[in-house]
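Whole structure, please, built from the sequences with the hints as guidance.
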Amino acid sequence: MPKWNSISISGYHMQEAGADAVLEMAFTIADGIQYCQTGIDAGLKIDAFAPRLSFFWGIGMNFYMEIAKMRAARRLWATLIKERFQPKSSKSLMLRTHSQTSGWSLTEQDPYNNIIRTTIEAMASVFGGTQSLHTNSFDEALGLPTKFSARIARNTQIIIQEESGICKASTDFVADPWGGSYMMESLTDEIYEKAAEVIREIDELGGMAKAVASGMTKLRIEEAAAKKQARIDAGKDVIVGVNKYRLDKETQVDVLQIDNQKVRESQIAKLERIRKTRDPERAKAALEALTKGAAGKDNLMDLAVEASRARCTVGEISDALEKVFTRHAADIRLVSGAYKSEFGETDEINQVLERVKAFAAKEGRQPRIMVAKMGQDGHDRGSKVVATGFADLGFDVDVGPLFQTPAEAAQQAVDADVHVVGASSLAAGHLTLVPQLIQELAKLGRQDIIVVAGGVIPPQDYDALYKAGVSLIFGPGTRLPTCANKVLDKLEGSQKKQSANS
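In terms of this note's numbering, the sequence shown opens at residue 28 and continues consecutively.
Because the hints were derived from the structure by calculation, they are not lab data.
Among the hints, a few may not be true.
What the hints assert, rightly or not - The calculated lysine-lysine pairs, modelled on DSBU-like cross-linking and capped at a C-alpha distance of 30 Å, are:
id, residue 1, residue 2
1, Lys513, Lys494
2, Lys494, Lys289
3, Lys118, Lys195
4, Lys513, Lys271
5, Lys523, Lys389
6, Lys221, Lys263
7, Lys389, Lys263
8, Lys263, Lys367
9, Lys513, Lys384
Dropping the structure here:
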């Protein structure tokens with residue numbers, strides 16, 4: 028397909044998970060090098076596929092750093108491709124990229140500030156030389172975007188493109204408007220060298236695939252996320268409307284309402300309709316061929332396309348491959364000490380630690396919390412930061428894997444004998460999944476386990492969750508010491524009730 032970039036090498040999800048600019052750039056470039064090496068090992072020529080690779084950056088609020096990251100990435104990619112694969116075509120050295128403004132930087136508090144944040148991030152991506160751009164909507168820290176907020180987001184980049192003159196300067200005069208700036212050139216050199224050093228570490232581990240398998244990349248990102256959250260909670264990094272210049276009274280904005288149950292029923296009905304109207308023998312044969320191909324050396328892309336044409340579902344295609352490859356089980360490890368060390372020794376932190384100590388003296392063990400990620404929500408920055416922070420505040424912490432069902436999360440909570448389950452949601456599944464979790468805990472005879480919820484939950488959904496049995500709800504921007512104190516309030520209240528009943 029002409030001009031189609033078949034592989035997008037993404038750093039966006041790394042930044043959303045907590046990576047700083049150096050880690051995002053280094054890990055993404057290292058991913059790209061691993062893809063190229065895999066292609067070479069499969070017998071392809073570098074010039075046959077490298078020109079069709081593309082990248083995907085997350086763009087945060089550190090304006091100059093984001094521009095420098097994109098400039099440094101182009102240079103580092105070209106250098107490494109040339110050194111390691113000796114392409115004959117200069118097109119193989121080009122780094123084409125899509126960019127998206129940060130979702131993590133959006134705040135629930137004073138949400139109209141997010142329009143300004145997105146504008147700054149969009150300008151950084153344009154100055155950095157992005158080929159395409161996605162601008163987030165200002166209300167995405169509250170829920171899915173409305174038509175109004177989506178129009179503002181779209182017009183943000185259109186105004187930059189059509190009215191600001193920034194794009195015209197890049198096309199009519201110079202490819203890089205920042206070239207020659209002492210500040211920008213020195214910052215670009217700095218991030219280039221730091222990212223190159225990280226890639227040297229990855230090379231010593233045997234490449235990006237082995238680095239990922241070792242857990243190195245995941246732990247580095249989680250450490251960066253925990254330290255950033257600590258700086259915000261301590262007020263060292265200012266977030267306007269969250270930890271400084273807060274409104275006396277928050278302004279309510281309209282949020283898109285999604286009937287999660289209705290969507291689910293519609294999807295199930297669609298799947299049933301597909302299965303009834305397709306050729307069952309063709310579908311069966313296509314899935315069997317896919318499984319057979321996975322066991323051999325056949326082209327799985329061709330076989331998967333054929334299965335799709337036979338109207339096989341994504342789930343069926345995945346199951347056919349799983350029979351051979353099995354399913355990945357993540358090794359869950361937590362970063363220790365990063366949150367507390369960055370926050371610093373304060374009366375607030377010490378007060379939480381003393382409360383935890385007092386609870387443990389009465390209970391005979393530390394307060395234990397499980398952080399659960401249920402449904403199809405793959406965003407885990409918030410849940411990992413909460414887990415790391417609570418561990419540093421003295422809690423025993425269990426973390427569930429991504430994509431758990433409510434029944435699986437409940438069983439893990441019961442097996443671990445936790446006091447609290449914290450359900451993290453960023454994908455509009457809370458009204459279905461969290462009540463189901465509470466029901467599953469009841470079936471297992473553990474109604475005593477406290478359930479709290481956090482993440483992107485529209486304020487109008489709070490009452491429904493409280494009625495379903497949720498004890499506490501924490502929106503984006505809630506400080507971790509505040510969360511811990513409120514959870515301890517609930518646990519101490521439960522202790523008193525048990526003492527009164529015994």
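Tested hints:
Pair hint Lys513 plus Lys494 holds up; C-alpha atoms about 19 Å apart against a cutoff of 30 Å. For the proposed pair Lys494 and Lys289, the alpha carbon gap of about 20 Å is at most 30 Å, so the pair holds. As the CA atoms of Lys118 and Lys195 are separated by approximately 24 Å, the hinted pair is consistent with the 30 Å bound. For the hint linking Lys513 to Lys271, the alpha-carbon distance of about 22 Å falls within 30 Å, and the restraint holds.
Distance restraint check for Lys523 and Lys389: the Cα-Cα separation of roughly 10 Å lies within the 30 Å cut-off, and the hinted pair is therefore satisfied. Between the alpha carbons of Lys221 and Lys263 the distance comes to roughly 24 Å, so the proposed pair stays at or under 30 Å and holds. Between Lys389 and Lys263 the CA atoms are separated by roughly 35 Å; this puts the pair beyond 30 Å, and the hint is violated. Using a Cα cut-off of 30 Å, the hinted pair Lys263 and Lys367 holds, with the two alpha carbons roughly 14 Å apart.
Of the supplied pair hints, the one linking Lys513 and Lys384 holds, its CA atoms being roughly 16 Å apart against a limit of 30 Å.
When each numbered hint is compared with the structure, a violation occurs for hint 7 only.
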